[in-house]
Amino acid sequence: MSEIATAFKPWTRAEMAQRIAADIPDGAIVNIGIGMPELVADFLPQDKEILLHSENGILGMGPKPSPNEVDYDLINAGKQPVTLLEGGAFFDHSLSFAMMRGGHLDIAILGAFQVAVNGDLANWATNDPNAIPAVGGAMDLAVGARNVFVMMELLTKKGESKLVEHCTYPLTGLGCVSRVYTDHGVIDITPEGFVARQLPPGLDLDALNQRAGIAIRAS
Amino acid sequence: MSEIATAFKPWTRAEMAQRIAADIPDGAIVNIGIGMPELVADFLPQDKEILLHSENGILGMGPKPSPNEVDYDLINAGKQPVTLLEGGAFFDHSLSFAMMRGGHLDIAILGAFQVAVNGDLANWATNDPNAIPAVGGAMDLAVGARNVFVMMELLTKKGESKLVEHCTYPLTGLGCVSRVYTDHGVIDITPEGFVARQLPPGLDLDALNQRAGIAIRAS
Amino acid sequence: MIDKTRPDTRSCVADIPDGATLLVGGFGGAGMPHELIEAVIARAPRDLTIISNNAGNGTTGLAALLAAGLVRKVVCSFPRQADSFVFDQLYREGKLELELVPQGNLVERIRAGGAGIGAFFTPTGYGTPIAAGKETRQIDGRNYVLEYPLKADFALIKARRGDRWGNLTYRKTARNFGPVMATAAKVTVAQVEDIVPLGALDPEDIVTPGVFVDRLVAIGTGAAQ
Amino acid sequence: MIDKTRPDTRSCVADIPDGATLLVGGFGGAGMPHELIEAVIARAPRDLTIISNNAGNGTTGLAALLAAGLVRKVVCSFPRQADSFVFDQLYREGKLELELVPQGNLVERIRAGGAGIGAFFTPTGYGTPIAAGKETRQIDGRNYVLEYPLKADFALIKARRGDRWGNLTYRKTARNFGPVMATAAKVTVAQVEDIVPLGALDPEDIVTPGVFVDRLVAIGTGAAQ
Chain A
50 MSEIATAFKP
60 WTRAEMAQRI
70 AADIPDGAIV
80 NIGIGMPELV
90 ADFLPQDKEI
100 LLHSENGILG
110 MGPKPSPNEV
120 DYDLINAGKQ
130 PVTLLEGGAF
140 FDHSLSFAMM
150 RGGHLDIAIL
160 GAFQVAVNGD
170 LANWATNDPN
180 AIPAVGGAMD
190 LAVGARNVFV
200 MMELLTKKGE
210 SKLVEHCTYP
220 LTGLGCVSRV
230 YTDHGVIDIT
240 PEGFVARQLP
250 PGLDLDALNQ
260 RAGIAIRAS
Chain B
50 MSEIATAFKP
60 WTRAEMAQRI
70 AADIPDGAIV
80 NIGIGMPELV
90 ADFLPQDKEI
100 LLHSENGILG
110 MGPKPSPNEV
120 DYDLINAGKQ
130 PVTLLEGGAF
140 FDHSLSFAMM
150 RGGHLDIAIL
160 GAFQVAVNGD
170 LANWATNDPN
180 AIPAVGGAMD
190 LAVGARNVFV
200 MMELLTKKGE
210 SKLVEHCTYP
220 LTGLGCVSRV
230 YTDHGVIDIT
240 PEGFVARQLP
250 PGLDLDALNQ
260 RAGIAIRAS
Chain C
136 MIDKTRPDTR
146 SCVADIPDGA
156 TLLVGGFGGA
166 GMPHELIEAV
176 IARAPRDLTI
186 ISNNAGNGTT
196 GLAALLAAGL
206 VRKVVCSFPR
216 QADSFVFDQL
226 YREGKLELEL
236 VPQGNLVERI
246 RAGGAGIGAF
256 FTPTGYGTPI
266 AAGKETRQID
276 GRNYVLEYPL
286 KADFALIKAR
296 RGDRWGNLTY
306 RKTARNFGPV
316 MATAAKVTVA
326 QVEDIVPLGA
336 LDPEDIVTPG
346 VFVDRLVAIG
356 TGAAQ
Chain D
136 MIDKTRPDTR
146 SCVADIPDGA
156 TLLVGGFGGA
166 GMPHELIEAV
176 IARAPRDLTI
186 ISNNAGNGTT
196 GLAALLAAGL
206 VRKVVCSFPR
216 QADSFVFDQL
226 YREGKLELEL
236 VPQGNLVERI
246 RAGGAGIGAF
256 FTPTGYGTPI
266 AAGKETRQID
276 GRNYVLEYPL
286 KADFALIKAR
296 RGDRWGNLTY
306 RKTARNFGPV
316 MATAAKVTVA
326 QVEDIVPLGA
336 LDPEDIVTPG
346 VFVDRLVAIG
356 TGAAQ
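Residue numbers (the numbering used here), protein chains in the order written: chain A, 50 to 268; chain B, 50 to 268; chain C, 136 to 360; chain D, 136 to 360.
Note that these hints are calculated values from the structure, not bench results.
Be aware that a few hints might be false.
With beta-carbon atoms standing in for the labels, derived distance ranges [stated by the list, open to error]:
| no. | chain 1 | residue 1 | chain 2 | residue 2 | range |
| --- | --- | --- | --- | --- | --- |
| 1 | A | N117 | C | T356 | 38 to 44 Å |
| 2 | C | D182 | A | N258 | 25 to 31 Å |
| 3 | B | Q129 | A | N117 | 49 to 55 Å |
| 4 | C | K230 | A | E214 | 56 to 62 Å |
| 5 | C | D329 | A | R62 | 44 to 50 Å |
| 6 | C | A179 | A | N117 | 57 to 63 Å |
| 7 | A | D91 | B | P114 | 52 to 58 Å |
DSS-like cross-link-like pairs, simulated, lysine-lysine; straight-line CA separation at most 25 Å [claimed, not checked]:
| no. | chain 1 | residue 1 | chain 2 | residue 2 |
| --- | --- | --- | --- | --- |
| 8 | C | K230 | C | K286 |
| 9 | D | K208 | A | K128 |
| 10 | B | K97 | D | K321 |
| 11 | C | K208 | B | K128 |
Ideal placement from N, C-alpha and C gives every residue a C-beta, glycine not left out.
Same shape as in the complex, but just chain A (with noise of 0.2 Å):
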């Protein structure tokens, strides 16, 4: 088995983001949230119309603009210069809000601290004293959305895994996140617990679990 661990490659953040893109289906509406989940907007498929929100009042929203192009009156949740689709609109953040509370959003990719076994997410505030708390839209997110999918790295700097019986950082949202992807794989989140969807080759259930510390079934 370290034999496997050893010969196993995690998936690179751009090949989780490419495999998060593919399962989107055409004519969804995502928001991707900041962070990591903004490289998931590099690997949409061309032959899929797949419309993106922005909290602050986009649907619609396209790829970074050229430099000669950029306006900040046209920016993105991250406060970043980006551009309209043709079919894009504008509007004010309390019918943005009103979308994402009111479940018309199909998809909101997150980053995460941990995400616990029952779909609990916390990826808003550590326990760190001195930290300064920050919450913007993850909330609304995590509880609008019709499907919250994570995007994350299995374990922490520490070696920590972020996949968790039950969070210990400040939660986000109860119940919430339906699908995990990892570097270590795609695990769902289901009324029996994690089910893994698929692995990176070379990775296996076992090797998983025991990484992951805790429970991931076979789907």
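Given the coordinates of chain A, work out where chains B, C and D should sit on it, guided by the hints.
For chains B, C and D alone, coordinates are given in the frame of chain A:
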């Protein structure tokens, strides 16, 4: 006294409307209710800019259109064709009632069946068991407008006073009316009760009290 | 590729089942989706609940739907009008249930349904028969009534222009309940005057972003009569 | 005659008293009313409460207001950012009170303030530390937290065009909190790129009708930096 009462000629509806129109300050945002209050629009002074709000999504409503300008997509709360002034705006019902309920209208002018000494208003239903109820936006105006003016004749066709100690008809709003314009004079509603603000020529306070059957003080 | 346009009104309403709840746009005739309602009458689902500001005018639109005997219950703010004789008769005969809601509470309850709000305290109706039996609360010195969201299986609305993503603009006071109703149904159907190419609507002027619209059909111009 | 236009930013904020609560528009720099904030700094009212999505970026706008020592409390959703060092330091030194509100609850609380809603049940934040100590309720199988309105003495917002009645349009994502904040203050002040003649704005495209705006001042073009 009976001599005085005989000599007295009640204000016509046009005179009542004129009096209300003269009391509206320049720049006021006003909602004019369906029915008798609609007359007020004909007497708005030309030297003031008074903006009319219509619950169905107009600010800056203009007068009736000429026959060849009629557009049934541009109607007022009474479903009659109107026009839009230069500077007017269209908006949806949600924003329109946010204006009303949120205290953004200066004055609402409403008809009434009864007004009580504490400002309670009854103007949407009688106690007739065969009547079909309809409330529309009256309750929103009653609770929302900064000043609720009532325009009504003092007496019913049966000669009963519409100024009452307690409303016997179903209420529209509690303690909301600040002033009543009747054919028998203008009456303020104050913490001390009804106060006559202006009387038609030939009507004195005693005669008014006698007709109203309720205490109305001098101002 | 997203294409929410439909070739005819029939295909827009073909899956409305018996017992469905329908949000129907319009304030009087303005914004009333007459052609969609005609298609519903042709399909003839029974025991409908209709949420709309009025309960029909004259013999067309909602009045025709009521006259066809397809409606069990009406939730509205202003049923009684000079020309509401169809509703009046059915109501007096006990053939229609009526839930009377003040207009501002009606639109706010629909908004709550679309915006994921569980309930809200409104000052409108406090102390009146409308609030009888409802939960009340004094907040910051003012009295409020607790009201709950309204949602529907289908919303039928009328707009001015639309594109294949479902973006909509409206025309004058025909806008009224359309933008809010579009948010609160499982399936929102819009009849529009014209379907325009994607990108033809100014992104600053789109009133209903396409995310709220599931189907749209072009009817041609002509204001309500 | 209604003329809400003002000749300069100074006269728009000259009556902001010590201890005032200010709604300040903007999401990051987009929609941030920089010139109005500079005028507030020049007037220097103390002990302000600021309600805004962020708590300042870099050294301009809200960050400059904080740096000037005029702010006692910040109500916002996302204070910590790469360039929020002004806030970070004041907060760590205990010189600023912070009320952290999830972004959707923030805008909904402001909307409630402007729309006369007394309180509302929101699903956002249920079961998290944000909801600690707050009233909760299960409605129709879902869990909600009760949240209360936010109102202010002044709202400072940035729009694109305005007319003398106070009608406003916005520009791209600089719209964000502007339309809602305009509804929830005793005095709403808008800085606009251009003041246009009455009637120049299409009545279908006005986002904020003039009833919500008390003063506006032209600043000229130029997107946020």
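**OP:** Would you pick out the hints that fail for this structure and give their numbers low to high?
**Re:** 2
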